[in-house]
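Trainee: Letter by letter, the chains look like this.
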Amino acid sequence: MKKLPAFLQALLALLLLLPTGCVEPYAPDVIDAPPSLLVVEGFINADGPTTIRLSRTAALSATATPLPETKARVFIELKNNFQYSLTETAPGTYTSVALKLPAGSSCRLRIVTAKNQEYASDFVSVKLTPPIDELRWTPDNNTVNVLLSTHDDTRASQYYRWDFDETWQISSPYSPSVEYYNRAVTPIRTFYPIFCWGNNQSSRILLSKTTALSQDAVTGFRVQGIAANNPQLHIRYSILVRQRALSEREYDYWEELKKNTESVGSLFDPQPSQSQGNIRGLTNPDEQVLGFVGANSIAEKRLFIERQDLPDGWKPRSGYEDCIPPDSVFIVARFPDRRLVDPQGVIDRAFGSMQVLPIDPVLEAEIVVGYTAKNRDCIDCRTRGTDVRPSFW
Amino acid sequence: MKHFYALLFLVLPLLLTGPRGYGQQPVPPAKTVTGDFTQVPFGQFVRELETQTDYRFYYDNTAPPDTFRVSLQARALPLATTLQRVFEGTPYRFALTADGRAFITSGVSIEPELAGLFFRPAGTLAEGPVAAAPEDRAPTAAPTRSRYVTVAEYKVYTIGTGGGSGPATLAGHIRDIKSGEPVIGATIYSESPSVGTSTDQFGFYSLTLPPGRYALQIRSVGSKNTRRQVVLRGSGRLEIEVEEDITTLKEVVIEGEKDKNVSSTQMGLEKLDIKTIKQVPTAFGEADILRVVLTLPGVKSVGEGSTGLNVRGGATDQNLILFNDMTIYNPSHLFGFFSAFNPDMLQGVELYKSGMPAKYGGRLSSVLDITTREGNKKKFSGAGGIGPLTSRLTLEGPIIKEKSSFLVGARASYSDWLLRQLSDTKFRQSSAAFSDLSAHLTHQFSDRDAVYATGYYSTDRFRLATDTTYRYANKSASLKWRHNFSNKLYGVLTGAFSHYDYDITSEGNEVNASRLRYSINQTSLRADFSYYPNPKHSFDFGVSSLLYNVSPGGLTPLNEGSLVVPNILDREQALESAVYVSDKIEVNQRLSVSVGLRYSLYNALGPRSVYEYAPGQSRSESTITDTLSYGSGKVLATYHGPEYRVSARYSLSDNSSFKLSYNRTRQYISQLTNTASVSPADTWKLADNNIRPQVGDQVSVGYYRNFKSNTIETSVETYYKSLRDFVDYKGGAVLLLNRTIETDIINAEGKAYGVEVLVRKLTGKMNGWLSYTYSRSLVRANAGTPADQINNGRYYASNFDKPHDVTLVGNYRFSRRFSTSLNFNYSTGRPITLPIAKYYAGNSLRVLYSDRNAYRVPDYLRLDLAFNIEGNHKAKKLAHSSWTAGVYNLTGRQNPYSIYFKSENGQIKGYKLSIFGRPIPTVTYNFKF
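Top to bottom, those sequences are chains A and B. Position 358 (the first sequence) corresponds to 358 in this note's numbering; numbering is contiguous. In this note's numbering, each residue carries its 1-based index in the second sequence increased by 1000.
Don't read these hints as lab results, they were simulated from the structure. Quick caveat: nothing in here was measured; it's all calculated off a predicted structure. Among the hints, a few may not be true.
Unchecked claim - Dumping the calculated DSSO-like pairs for lysine-lysine here, alpha-carbon to alpha-carbon at most 27 Å:
no.: 1; chain 1: B; residue 1: Lys1909; chain 2: A; residue 2: Lys258
no.: 2; chain 1: B; residue 1: Lys1765; chain 2: B; residue 2: Lys1271
no.: 3; chain 1: B; residue 1: Lys1271; chain 2: B; residue 2: Lys1359
no.: 4; chain 1: A; residue 1: Lys259; chain 2: B; residue 2: Lys1909
no.: 5; chain 1: B; residue 1: Lys1488; chain 2: B; residue 2: Lys1536
no.: 6; chain 1: B; residue 1: Lys1765; chain 2: B; residue 2: Lys1928
Using the sequences and the accompanying hints, generate a full structural model.
Mentor: Given below as structure tokens:
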């Protein structure tokens, strides 16, 4: 049983003082497998390289991630028939060279798949994005809120969408001096990295519009909230927020998508409905294509949060709490268990899978009687991030 | 005396019932006739007979006329045989009485002797024999009956002064003897001839009969059956007081309906009295009128936490909900978990699903007419109840004894207090409170004039762990003046005012702090008349006018720091007027027809600005071609049209009939709701240049049959309904604060059809009803451009299309004090739009949705059980109390209220939300003093 949304919980408690309502997982018996539809993701970057990802829809019950659409030809077309082609840099990912398109100019995306099916987006007008004025954080009730402000004096932007990349530093509590190599525990040849950097991308659709306000200004928009004990804050945390000014139509598209896939679950939700994108089949006009390709520029801003700047008394977890203390693997008989030990067998059984790593020798009267050890995840921070120091760090 | 017969012949067509042959009458003591008659004029023949026998003859000169000549040879022939021979082969009939009277009639024979205490269908005659008859039955009062009623039943009331030359009208009120409250829906009828009527909402009845003697039977829900013996000489009044049936307090008594199921022309009418309503188990232990209405065939809702009614495939906004003639826009409390009517105030409820009377209009699907009781005119009393979430108290009593009374009821929740007891801070920050208050005053100026005033106020306020507070309120008042012009004509003038508003206050962030408001006012004035010229016709006619004043929404900043720009939509005004006339015609005993016509006229009024859109294109802000401004009181759009109301009944036998009805309805106001259930943020929108009124037609046919002397009723009704221009929405429509709301609305068409089968047992230890409904409700939006179409313009199931539905409401009475009720409900799951595929977008997996309403949620099944324990039945004690204990959703089935899908951590998960996913026990204490 899943925990209820707060709204419902309160409602139900209120009604009955008994947790009578409930939310259960639900898997419909039969959902006819639909034809796999082309999904287009990305936007035409008016000031930089454009990246477009093509994939296919998959049945809900499918366990594999949706398949990328490879070997397609993708073009950015301008109204004057000038076109730039994109090259496939990874399966399903197509990238152009850096372009500079003037605001208000008209362009579209055209796709020809490997099966020679042709698709195109509607022509959209290029919209330039105003810079992010401020990105700051405030502690609030055991949460760090990352807040964004922006404005556009020309009132041309009005519709905003954001996404972000989070990066945080990780440090494992152990730095092993030995390793299991050639069926023996030997002094380590390459030390495990001391620091790694975790990374995460926003998965919620962040939107705001200022049409109801007297100024085209977004003030203190909450981009992300991080709980006080989140290991992301343990050493240093950074967030890069990207801002795009959307057309009204694209805003509506994302808002509908958000409504249908994120903010459902309360009693008064609207019915889900299919978001209508702006891409159409040219070969077969009845074919449904998912996605919306707009044309705009990007504004970015990065924010760092240092551990020492957090309010007193905040204790972010390191994420390695469960790793302490280390385990021990003994290769000699220990009191009171006086059975003879087969040292080679012990070492092989303990470390042979490479999932448990030796850390340091345990010495008794200057004799190695065993090794401290722990799961790889507790030692090698690369299981939780990359050891490549980001350029901005 | 002879002229008296003329009266008889006037009413002969009414009496043309089964043939009565010669000699069927009891033969008087033999008196013989002797003589030779050849072509003797009838008059002379009679004189001869009068001299030879002790009989005195009564007949009309014209039948048989003096031109009728008699040829007969008689030798000590008995009089009866003589007359039999004389009249052989002629239309004339005769009748002889024991006390020496002979009656001669034309075409129909009469029964001059009193069979028991009333006449057989063949006749009503002079008061002579009548006066002699009644006292032969000595009053033998049942011990439970009051002396007054016993005496009244055996007294013979002489009405009118006599000498009238036509049928007489008997009128009056039927009232409760203890409280003086009118008894609504009581039937009063004479068994021979079979003429009957029922009391209206004022307890008034009007019965037209030929002069004569009658035993009138009076039956009503919750009252003891009684009768009155009258000798009707002319028009007059008879006030009848009936006793409450105390001992059968918890029975389903639908006696008023006893043969109505079969005999009335009305079809598609469901009547529930408060006693029936009170014994159906509910989730919170409190009698809930809307919840019980939902158990009736043809009535559905999208989910159990919703009081939005879908009647025969109609939308929730297509029901006219009247509370003593005041329109109630939001009849629910707490998101729809409670209905907003205090059960102790209520008399009962009537739901018209088809064959809507011409008097009502303005909504397509149904009329739900909720009436309050009248206060006790004789003594002060009260009632109340204490339940798990709410408590209620009702007081009533006379203001001027026998003339005026009051009835005041209040109900309040203590959920706010409960929330504060919870440990979770989220809950303690929440609040939810509701209350309602109603008052009803009556004053009887005279026999002819009475005034009724009703006030109603209900309010809800809730905040759920967020910074947003919802609040909504209904305020209504009505004043009714009723005047009897004569026994045959009365009129009611009603002025009513209804108000509904809500506001949503958001105060979390200073910059966005704002308040959203919506309100609708409705002021109406109507005059309704009922006219009963003769037993064959009863006319209803009237006029009404209704002024809407809507403020469709306004967003205002809460404080100076707020950046919210005030956004207040133009007010909307409209006038809806109607005239109607209907006539119920008793064509003959088998066939009865009711024809009615209502003509409604709607004017949308300024001041207002409306947009004009490019024709033939999908409406959007970019297709606005012009903005038209209208000054105050200027008409910006007019719609009008006839609404036909026809119904007919044909009796196949005494206990079975066949009925047919057709009605057209027009609706000029629509509720905008894009959510699965009715939400407090829904608004009502008036028709205007861009939004057309909805029009609905319904044809329905039914067969009715009663068994076991009307104790078991069965019926099969089938209907087909078509709806035009009803409101549907484009995907993701924005309904609040939308200045161009018409760009998000589609005028869709719908059709609905179904069969409803009902078996109802009315009396006995075991009673209740079982119904099965098969129904479909389909919608199509295929007009305009593809952007305006849903599912490519094909028919799709509406949100409330639930084909199969089985409901059982049963009661079993173990003893006078202990009874149990069971409620079973099964229905097909409602349609849902399901995700059918997944894809990756915006760094997360997303879902692709199917066509609208292409799938269904799992079926709905629920079983409830309740026990009622009454205090002792001493009729006179300080307070009567009862306990109701029940279990709602006995099987604990987790019926889906909503199914939804969320993308979480890159995965798509479906969830089923059930509201009452466990058995819910409740206990309520009720009292009455």
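Trainee: Next step is simple, just say for each hint if it's right about the structure.
Mentor: Checked hints:
1. B:Lys1909 x A:Lys258: With Cα atoms ~15 Å apart, Lys1909 (chain B) and Lys258 (chain A) stay inside 27 Å; holds.
2. B:Lys1765 x B:Lys1271: With a Cα-Cα distance of about 21 Å, the restraint between Lys1765 (chain B) and Lys1271 (chain B) holds, given a limit of 27 Å.
3. B:Lys1271 x B:Lys1359: holds, 18 Å
4. A:Lys259 x B:Lys1909: Holds, because 15 Å separates the two Cα atoms, which is no more than 27 Å.
5. B:Lys1488 x B:Lys1536: Judged against 27 Å, a Cα distance of about 13 Å means the pair holds.
6. B:Lys1765 x B:Lys1928: With Cα atoms ~24 Å apart, Lys1765 (chain B) and Lys1928 (chain B) stay inside 27 Å; holds.
The structure is consistent with each of the numbered hints, conforming to all of them.
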